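Undergrad: So you can see what is in the structure, the chains are spelled out below.
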Amino acid sequence: MNTTILIGAFAFWLAAWALNSWLAVQRPANVAAQRAIDLFVPVLFGVTLLVLWEGLARGFNIPTVLLPPPSLVWERILASSHILWADFQQTFLKAVLAGYAMGCGAGFLVAIAVDRSPFLKRGLLPLGNFVSALPIIGIAPIMVMWFGFGWESKAAVVIVMTFFPMLVNTVEGLQASSAIDRDLMRTYAASYWQTLFRLKLPAASPFIFNALKINSTLALIGAIVAEFFGTPIVGMGFRISAEVGRMNIDMVWASIAVAALAGSLFYGVVALIERAVTFWHPSVRGG
Amino acid sequence: MSATTPIAAPGSGSGYRPEAGLTERFLASKAFAVSVIVLAIIAAWYAFAVHMNTQWQIDIYNRGNVEWTTTDLVRDTLNQARPVLPAPHQVAVEIWNTTVMMDPTSRRSLIYHAWITLSATLLGFVIGTLLGVSLAVGIVHSRAMDKSVMPWVIASQTIPILAIAPMIIVVLNAIGITGLLPKALISTYLAFFPVAVGMVKGLRSPELLQLDLLRTYSASRWQAFWKLRWPSSVPFLFTSMKVAIAISLVGAIVGELPTGAVAGLGARLLAGSYYGQTVQIWSALFVAAAMAAVLVALVGLVQRIVLKRMGQAA
Amino acid sequence: MEKPSQAVASAVGSSVIEAKGLGLTFQTADTPVQALTDVNLSIRKGEFVSFIGPSGCGKTTFLRVVADLEQPTAGEIRVNGMSPDEARKSRSYGYVFQAAGLYPWRTIEKNVALPLEIMGYSAAQRRERIARTLELVNLTGFEKKFPWQLSGGMQQRASIARALAFDADLLLMDEPFGALDEIVRDHLNEQLLKLWERTNKTICFVTHSIPEAVYLSTKIVVMSPRPGRVTDVIESTLPKERPLDIRESAEFLSIAARVRDGLRAGHSYDE
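Going down the list, the protein sequences come from chains P, F and E. Each residue of the first sequence is one higher than the last, beginning at 1 in the working numbering. Each residue of the second sequence is one higher than the last, beginning at 1 in the working numbering. Each residue of the third sequence is one higher than the last, beginning at 1 in the working numbering.
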């Protein structure tokens, strides 16, 4: 047990916590300063976690097969970057993106059909709500059986997983316009499609983006877990389960880091687009 | 001023709708629409089963040099031993055979497997809910926690825990934590997030007006919590718990995949996948789905009872 | 059927709204609600007609029947010589609701452009009409602003501009200033009168403020609830030029008193 490292780690943690507590109650007049603080505090918290992790792993001499310190993981990322990149292409660029686009697209189109037909609304919506509570990930072995080991079966799982949140949220969004808005359209003798494009779709965009954000996380998880059920020798899910079997835990963590980064970036891009499109919504304006 | 006009005769204006008859109300009901769609899905399922199993069935006929008619084809495709798509009745029979008709303690009983998965689910759900509520209380009452922890709570979900389930199980097994707890911890990680986010929203939901009123009573923060914040957050708690329990089940199932576990619904899914036992896969999937539905319904039931006692409509 | 040209209704003094024995009964879960009973009204071109009464007297319902947003269950009504449905399809009126109902994702000029886009006006026509109507409501210079950047009064003015943008001779206004404070209301009442003088539209205005009704109108229709009916129709004797302080004159007060009597006679003040 390396006491100096341990003491150093804890000291850092206490100092960081103190700094954060002080920063949290500051209310600077300058908006830019406030934004800087809002960004700095969680970043410092994250850095503290990493420092603690490194300190505890080295200080207690924890075996690297159990919990490798962050520095080791970083070395592994650099050493195996070509493998990680190939995995990323297979899982993310193929399965996730294709499945996400098709699943969200299908959910959107069916939602418009549901909006047009009161019968479908009464019949499909309760079913959609019901299915979204089910463990859809369980269809992964069935998809592998139908579509083979390649990325197509993983994309199929992603399609089913992203379809229902998109459907439910879009239908809710399409109903979000008020009675006054719809009466106004009626006084203009507007057609269904004019009302859809000029009123209902813009009004539904906050709901649609809510689903798109949720789906960005679901898509990645779905694709990775689906790979546990069978995949060619490439893919993030494959890498994780294979390296776990070989007890190369640093490689596992390297894969996880890449997955977490990909997931955060994906979510971040969707969130940025959301800010641009729904600039008018009180939650985005800060109203 | 004129005397009031009697109600116009039926159909005199498009605004008049006579009290709808029983048939009309049934046709316009949700139950009817859902039933129609479910029946349509089952019919389509049978059609697809015939279609997808046809190729294999024709191969079987050819190998055995058997003469066949369309009726034979339809009947046989719906009763294959290892179909590409099992027919609904095949799944139903398999579920019946492995649940009702089997000793629940047998290793082949779906009830046994369901119980394994259920216990991990419930343990993870309870721990996750407690963790989520505690985090939410901390975040609402401490600005430092709010600014530092809340962003990481949200970021935690970008780490695909389901994806690293294998590693967690293996690591925990290596340091001696085996059996139920590793799976439950995965469920906990998944469940705490919706509960934390929902409770933060709920604890912050009272209007400023209400908080100001308590301040005029010089109420302490603890009193404000018990008398105002906590009751206001109960609806949010139940909504989050419904999401949490469904996702705890997913966590428990995925937790069973990595280490070649032999017990639990996830293990059944994996085994069926390895050995090409399609009917086994589908029956495990349906039992898992049924379990999810029942769990969510139970939370919903408790929600209705509690909210009614609190004087709020569910 | 050929769309009747709007020139028919624009002849001076001709009837814009004709209601005979109009009635509307809503079927509710327990008892039927008689929102309108035996309403006989004639509104001529160029008039400013206020409808006043408490909740449930049918004033908003009448406006909505004219706009084809509700269907009557008894009697008949003609708008510009057509049924309300035909009048709506030939875009004969502009409707102003209690809330401005502007789209937060559109700028003010795009909001005013909304009906013009739906009705198929060209880009050049749209630009010209937007500029003209925003000038009418004194909102020139606010074209690129978003609704949430404007005050309640300004949003309502934009809503009025939107209703004026296309060529409807009839303006239906349902308590447009109800959500605003009195000082802003006074100002907007003045502006509305000036606008009415400049454009010569026929205006039907629903309110539950007695001074507002008397100040704005050439004709006041007093209504009462349970069942919804017309209790009195008062032709105003006030001159067309009305500064705000006319509200203290004896003539004004006597008309207001007559309105109040009509409301009391209809049991508007009872619980």
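Hints listed in this document are in silico derivations from the structure and should not be mistaken for laboratory results. Hints are not guaranteed to be accurate.
[Said to hold, decoys possible] DSS-like cross-link-like pairs, simulated, lysine-lysine; straight-line CA separation at most 25 Å:
| no. | chain 1 | residue 1 | chain 2 | residue 2 |
| --- | --- | --- | --- | --- |
| 1 | F | Lys30 | P | Lys200 |
| 2 | F | Lys242 | P | Lys121 |
| 3 | E | Lys45 | P | Lys200 |
| 4 | E | Lys219 | P | Lys200 |
| 5 | E | Lys145 | P | Lys200 |
[Unchecked claim] Listing some non-contacts, in silico: residues in chain P with all C-beta distances to chain F over 10 Å:
| no. | residue |
| --- | --- |
| 6 | Asn20 |
| 7 | Asn30 |
| 8 | Pro69 |
| 9 | Phe108 |
| 10 | Ala133 |
| 11 | Gly138 |
These numbers were taken from a predicted model, which means no experiment stands behind them. Where a beta carbon is used, it is the ideal one built from N, C-alpha and C, also for glycine.
Undergrad: Would the least Cβ to Cβ distance between Ala133 (chain P) and chain F come out above 10 Å?
TA: violated, 4 Å
Undergrad: Closest CB-CB distance from Phe108 (chain P) to chain F, is it above 10 Å?
TA: Given that every Cβ of chain F is farther than 10 Å from that of Phe108 (chain P), nearest at about 19 Å, it holds.
Undergrad: Regarding the pair Lys145 (chain E) and Lys200 (chain P), is the alpha-carbon distance no greater than 25 Å?
TA: It holds: about 22 Å lies between the C-alpha atoms, which stays within 25 Å.
Undergrad: So Asn20 (chain P) supposedly isn't at the interface. Is its beta-carbon more than 10 Å from every beta-carbon in chain F?
TA: Check fails; 5 Å does not lie beyond 10 Å.
Undergrad: Please check whether the beta-carbon of Asn30 (chain P) is more than 10 Å away from every beta-carbon in chain F.
TA: holds, 17 Å
Undergrad: Regarding the pair Lys219 (chain E) and Lys200 (chain P), is the alpha-carbon distance no greater than 25 Å?
TA: Violated, at roughly 39 Å.
Undergrad: Does the no-contact call for Gly138 (chain P) survive, Cβ to all of chain F over 10 Å?
TA: Incorrect as stated: the minimum Cβ-Cβ distance to chain F is 5 Å, not above 10 Å.
Undergrad: Run the distance test for Lys30 (chain F) versus Lys200 (chain P): straight-line Cα separation, threshold 25 Å.
TA: Roughly 24 Å between the alpha carbons, so the hint for Lys30 (chain F) and Lys200 (chain P) holds.
Undergrad: Would the pair Lys45 (chain E) and Lys200 (chain P) pass a check requiring their Cα atoms to be no farther apart than 25 Å?
TA: Violated: Lys45 (chain E) and Lys200 (chain P) sit about 36 Å apart, past 25 Å.
Undergrad: Does the claim that Pro69 (chain P) lies off the interface hold, with its Cβ farther than 10 Å from every Cβ of chain F?
TA: holds, 14 Å
Undergrad: Between Lys242 (chain F) and Lys121 (chain P), is the straight-line Cα distance small enough, at 25 Å or below?
TA: holds, 23 Å
Comparing the model with each numbered hint stated earlier shows that hints 3, 4, 6, 10, 11 do not hold.
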